[in-house]
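*Asks:* For chain A, the structure is supplied; the task is to place chain B on it using the hints.
There are 2 protein chains.
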Amino acid sequence: MIAVQEAENIILSQVTNYGEELLPFEQALGKVLAEDIITDRDLPPFNRATVDGIAVSYVAIVNGLNTFRIKATQAAGQEPVSIDEPDECIEIMTGAALHASVDTMIRYEDIIIADGVATININDIKRGQNIHLKGKDKLNGDVIAKSGRMINAAVVSLAASVGKTSLSVKRVPKIVVISSGDELVDAADIPSEYELRRSNNYTIKAILKTQGIDADMMHMPDDKAIIDIKLLGCLQTYDVILLTGGISMGKYDYIPQALEDAGVTKLFHKVAQRPGKPFWFGRHANGKFVFAFPGNPVSVFMCMYRYFLPWLNQSLGLPKELPVYARLSNDFTFTVPLQFFLQVKLNFTNDGILMATPIEGNGSGDFANLADADAFIELTAEQSNFKAGEVFHVWKF
Amino acid sequence: MIAVQEAENIILSQVTNYGEELLPFEQALGKVLAEDIITDRDLPPFNRATVDGIAVSYVAIVNGLNTFRIKATQAAGQEPVSIDEPDECIEIMTGAALHASVDTMIRYEDIIIADGVATININDIKRGQNIHLKGKDKLNGDVIAKSGRMINAAVVSLAASVGKTSLSVKRVPKIVVISSGDELVDAADIPSEYELRRSNNYTIKAILKTQGIDADMMHMPDDKAIIDIKLLGCLQTYDVILLTGGISMGKYDYIPQALEDAGVTKLFHKVAQRPGKPFWFGRHANGKFVFAFPGNPVSVFMCMYRYFLPWLNQSLGLPKELPVYARLSNDFTFTVPLQFFLQVKLNFTNDGILMATPIEGNGSGDFANLADADAFIELTAEQSNFKAGEVFHVWKF
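If you read the sequences in order, they're chains A and B.
Mapped onto the UniProt record's numbering, the consecutive letters of the first sequence carry residue numbers 1 to 397.
Mapped onto the UniProt record's numbering, the consecutive letters of the second sequence carry residue numbers 1 to 397.
What the hints contain is simulated information worked out from the structure, not anything from laboratory work.
Owing to the predicted nature of the structure, the values given are computational and were not obtained by experimental measurement.
Hints are all accurate, no fakes.
One copy or any two copies: either way a pair holds, since identical chains are not told apart in the list.
Below 20 Å or equal to it, Euclidean Cα-Cα: the simulated PhoX-like pairs (lysine-lysine) are:
(1) K320 to K345
(2) K146 to K345
(3) K251 to K71
(4) K345 to K396
(5) K31 to K209
(6) K170 to K146
(7) K266 to K277
(8) K31 to K146
(9) K320 to K146
(10) K224 to K251
(11) K170 to K320
(12) K277 to K251
Looking at chain A on its own, in the form it has when it is part of the complex (with noise of 0.2 Å):
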């Protein structure tokens, strides 16, 4: 048995990356992103109007002058139009290209237009007013979203103002969750008085379906010879393995062995923390992984939290997550030597500290609460007896 953190280490030196594919843009949101994102111009292009009203020269403002006539009208991409005099303003709307030969914008809010002409009713004009200067956001070439970074919608629009309709994001793994236990039956179906219907299986599949993966589903018996068959089958088909159940030390916990004949390397067996103990990692000498979870759910909702997602985000290329740490709102004992990780529901206080208060449950067999929480706080095994006040680190659902 090993500890939380050495459990992380040995899954984290595992970090594998599965390669680039191209994407149309849109279609890259909740990827990450695998090259840089550059501009093709500077950002503006041109020096901006940022309000409706009229350009002028800042010259002539300086020299007194407070009525311009309008020249012409000048629309949003429309090719901008120079004054050739001092005197001269072009009326010019939000969103305009500026001609060199203005360089200061008044609001239409701070004009009076009669005759043709524009008459500025405030005093203090400062020289490039209410204009958005050529390159001032990045220069032509500046990166604007770099390589290894998760694509929300904010890059999505940046990769559409730059022209980028299609974007190398990382490929991720091709994934199997597999449910085993013959005590199981399928959802859909009625379960005698000594059966349970599946969810693991659909638990994995939904918390993969947040970050934006298909993973496939299946179901194992507790039979030596088939898990055999299927085990070989899927080690060739899929780069991950995500099992549940059949790793303790039931007479039909046939998957250690099964995942040892099929020539995976045991890397842990078993962890000193509750929920999750039996939780089994390995890897084939293919590179293909196996992250085998106990039957409980519980068990599989922490360990897809704790140990899988940061795997398959650092296998993604995302730098590590920043810890998200919250103070213990009640006092709670805990004297098994274990890590445990009690399910909490978060909140803000208004000045500004996350607290954690936790959900009543009844051991890591008890999921009915799971839909109440929203995360795991995880409490230290060296520790007994934890202080409401007292921080730790979250793991958010």
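*Replies:* Just chain B now, with coordinates in the frame of chain A:
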């Protein structure tokens, strides 16, 4: 011009129920549950072994027995096997249902088995240990997930466990995203020196996609006749129109007039905020809504998170989200009497405090920094000097 709080109040007074639909439970992930999920059996449905080992009658332990003849082996999913004599035990696997004749489980780790006899090698044994009692988590008919909540992976899992293979969920409104402005070309096109590529429509579509909504997209030129026709069509087809651009004071900003001509009543126009001051919101007599955002990308982003998503979530019946508060990391000054939405990066200190660090930007026109930000921090209009350590509401994206 109205205050931010007033704009929020007006928008939230227009929360609208778009009804329900039935979905296969796996497809319901990310939707809002529109029915209670109820257990169809006790949870657990039987006295369930939580370890692998032997099941005995506690009375025998009290009477001093510590060796037990193994009467049978019972796998999970099998019909429970009884003991007939007090010195018998059943070898039983995790997940199996216990017969009424046994009430206590001893782990394999705590026994030695030889010649069909198990000898217990621990002393401290409690009645009922290592058994998850029938009905301990929930009783038959209990609600395990309440109507009106988000369906996350835990809820999908619970639905599977009680055999709810289809779920009633809240229907999302049908949405079209319309960009406008003659200076805008498609992301795939090469703009002239005075044009830009469209991006706001992609921003909005991507934000909606993160909420599980597939919106349609459309572009309108600065031509009142075309705008009139397109708006009338959209008001027939969609529940909500999200518009960007064309709502300022410019000569070609036809949209507010076109909306009123199409029968959309203005509920407000202009909010005392930066960015996003020209924001326009209205409602047609037929119940359709128009959120018309200014054309600059940061405004669009802010208005979506500050106004539209809260309206959407409350329309779907979700409870008002608990506010997120963060502490400003640096002094910041903003003297204009507008509510200021500052782009920030968030991180937790290791004592559980959420810190918001401003990202340097060039005002509302600068969206290149948005990709680096995590949230807007909302700085009140009544204040000009914001001190490091002061706490404000943040809007995460």
